[in-house]
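Novice: Here's the letter readout for the chains.
Number of protein chains: 4
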Amino acid sequence: MPKVGMEPIRKEALVRATIHEIGRTGSLDVTVSQIAKRAGMSSALAHHYFGSKEQIFLAAMRHILSLYGAEVRGALVMAASPRDRLRAVVQANFSGLNFRREVIGAWLNFYVLAQTVPEAKRLLNVYQRRLQTNLVHDLRKLIGPRAEAAARGLAAMIDGVYIRQALRTGAPDGAEAAAMVLDYLTLELEAQR
Amino acid sequence: MPKVGMEPIRKEALVRATIHEIGRTGSLDVTVSQIAKRAGMSSALAHHYFGSKEQIFLAAMRHILSLYGAEVRGALVMAASPRDRLRAVVQANFSGLNFRREVIGAWLNFYVLAQTVPEAKRLLNVYQRRLQTNLVHDLRKLIGPRAEAAARGLAAMIDGVYIRQALRTGAPDGAEAAAMVLDYLTLELEAQR
Amino acid sequence: MPKVGMEPIRKEALVRATIHEIGRTGSLDVTVSQIAKRAGMSSALAHHYFGSKEQIFLAAMRHILSLYGAEVRGALVMAASPRDRLRAVVQANFSGLNFRREVIGAWLNFYVLAQTVPEAKRLLNVYQRRLQTNLVHDLRKLIGPRAEAAARGLAAMIDGVYIRQALRTGAPDGAEAAAMVLDYLTLELEAQR
Amino acid sequence: MPKVGMEPIRKEALVRATIHEIGRTGSLDVTVSQIAKRAGMSSALAHHYFGSKEQIFLAAMRHILSLYGAEVRGALVMAASPRDRLRAVVQANFSGLNFRREVIGAWLNFYVLAQTVPEAKRLLNVYQRRLQTNLVHDLRKLIGPRAEAAARGLAAMIDGVYIRQALRTGAPDGAEAAAMVLDYLTLELEAQR
DNA sequence: AATGAATGAGGATTCATTCAT
DNA sequence: GATGAATGAATCCTCATTCAT
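Residue numbers (this note's numbering), protein chains in the order written: chain A, 1010 to 1202; chain B, 1010 to 1202; chain C, 1010 to 1202; chain D, 1010 to 1202.
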């Protein structure tokens, strides 16, 4: 019987290494060899499992989006009121495994990848739509017809905070970042129209 | 007689071509040859004038930032009250030569370039600081100590709108984009604290 | 109990698959994996049985040459006169399992293989000598000293017909091919010198 | 003014080197680096001029076919009667720059190339059609309706002689090869039907 | 000023082959 | 007997950059 069951282990190692390398260099100009080396294997094996560099990148994206989704879902189970849920969603963007230096760097580069690779674009669109849906769902109960516009504003600010963090030096401060968006959320909720 | 005074002409052609190509491909993976070809010259000449690909990119960045600055200044001369000035600054981000498809694509990629090239990072920081200064200057008169935070929020949303536009298909709608940020500005100004 | 006696079965499957793949692609640029996959096993097993890709190719050659030899011998048992025997030999080249598309493609590539691999060259030389011997044996009885030259001419034409068929599209027409060589044979036999 | 006019020189050097290398190794498994090295340049330059390995191969094929065509045309100008012209065409196949070891090796491999590359197939078809036309043109005057079949036989034998020569060791003997085909030609011309 | 010529360095990808189980 | 795992060694091709003219 062959040595078996390595595939998921190797793939995960490669995905981690990819995120790490993209985050470290801040760029998609990462070689498969670099990634493979960091993951402790030959570049040939990386190709064996993923077929191409593009697929490796996409797997890394899916991983990040999946972590993100889990974080959001995790935050939501604890929230009761619409107000709490909104705050939870916002905070999930800046907590846990999400708002780490390397993930932020990777995220920025995925936006670039999406300019070229249709599947990357699709994945980002899925992410955006989910966020929008999540926000609108609760906003509507609180501010009615203005929910859509407010959700777009919140989503834009979240993305903006991410991209700006990519320029900063030093460790990201998730609390500070969340506070900024939460302030905006409060304004929207308290606006009297 | 030798051709004289070609340098600024050539350089400008290269800068334009660079922005165009980055915008077109949505990526920094643009070859010097592509750029030079579009600018109507050989890649050797491009190197002759700029020395390296990195310098070409930086010149393109400076060009975009300079266009941006001019647009903002132009908008400010017509504005009288702090409120008008704030609206003018916001709108300048989404009007004229700024909020075009190719410029948006280039902008996104400059954030990536800044991860690797210190001078690019410096340039983006200058841009951010100016925007912040501009906003705070007038916000302070209207909302006092909350000016700093509000300015950061506005700047983040502006960047977020840019990055999100990069994912969209079709021509950018500057008016719609500006409206989103102006709504947020209004909220900040009307907040009662 | 271990599976026994698999070796000949596996080997034959590999040989068939090799001929098929070489014929299909019309080239020796066939990977061991492709061959093994078609033969329903892993490429590791292919190596286990044959030791190297070269040995797989050589086994395929031997297989084809052996089919060829059987076809010729089979044709000869039914022939009585020298004239009949000559016609039988010629026809055997273009009948049965020989003049099939994939075998023709493989044959052409074996000539290429023979340029590099001595054993392949040796095998093709054996084939050529046998054909020559067969033809001369009967030709001598009919046309005496001109037998050698005529045999060389016939053999050359046979090979030429093969190589030309490799360029054609569509199914090979063995009857037509045989007729061409038989016409030439008739000329040699009827020549009056 | 730039250093200029190298292109045809480089291209020709590459074509020669390609034929040499294919002939030497007897295979298409020749690397661009090998070819470029023999042609006295970097592999990058080879790509610069030809774009791809396939194009280099095709250029080599065209070169050989063009030499071949020139040889045939050269032989025809001196021939007067149909009989002379036929002999001239046959002999041209085995004289001059054609029936050299390396060219023969290349020729064989072009048949293999034609299995994969459509343009290579087209080129070989052109060659075959021209030869056929040449032969039929004069044969018809001498043997009427049998011309077509006889031309096919002659062409097949010529190709067969080539492929068989590829197996031999030592320098090709053009005279001997031509004699074999000329004998067959004589038979066709003298056949009484 | 301008460019064709030229290359070194590198990168994705492939594949025959070996190994551990 | 059988195979998934694993890799070293290639190979094609690209590209920023330099140079001679």
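In short, the hints are calculated from the structure, not lab data.
Treat each hint with caution, since some may be false.
Copies of the same chain look alike in the list, so a pair counts if it works inside one copy or between any two.
Unchecked claim - Straight-line Cα separation of at most 27 angstroms, BS3-like style, residue types lysine-lysine; simulated pairs:
#, residue 1, residue 2
1, K1046, K1150
2, K1020, K1046
3, K1150, K1130
4, K1062, K1046
5, K1130, K1020
6, K1020, K1062
7, K1150, K1062
8, K1020, K1150
Novice: When the structure is checked against the list of hints, which entries are broken? Sort them ascending.
Specialist: 1, 3, 7, 8
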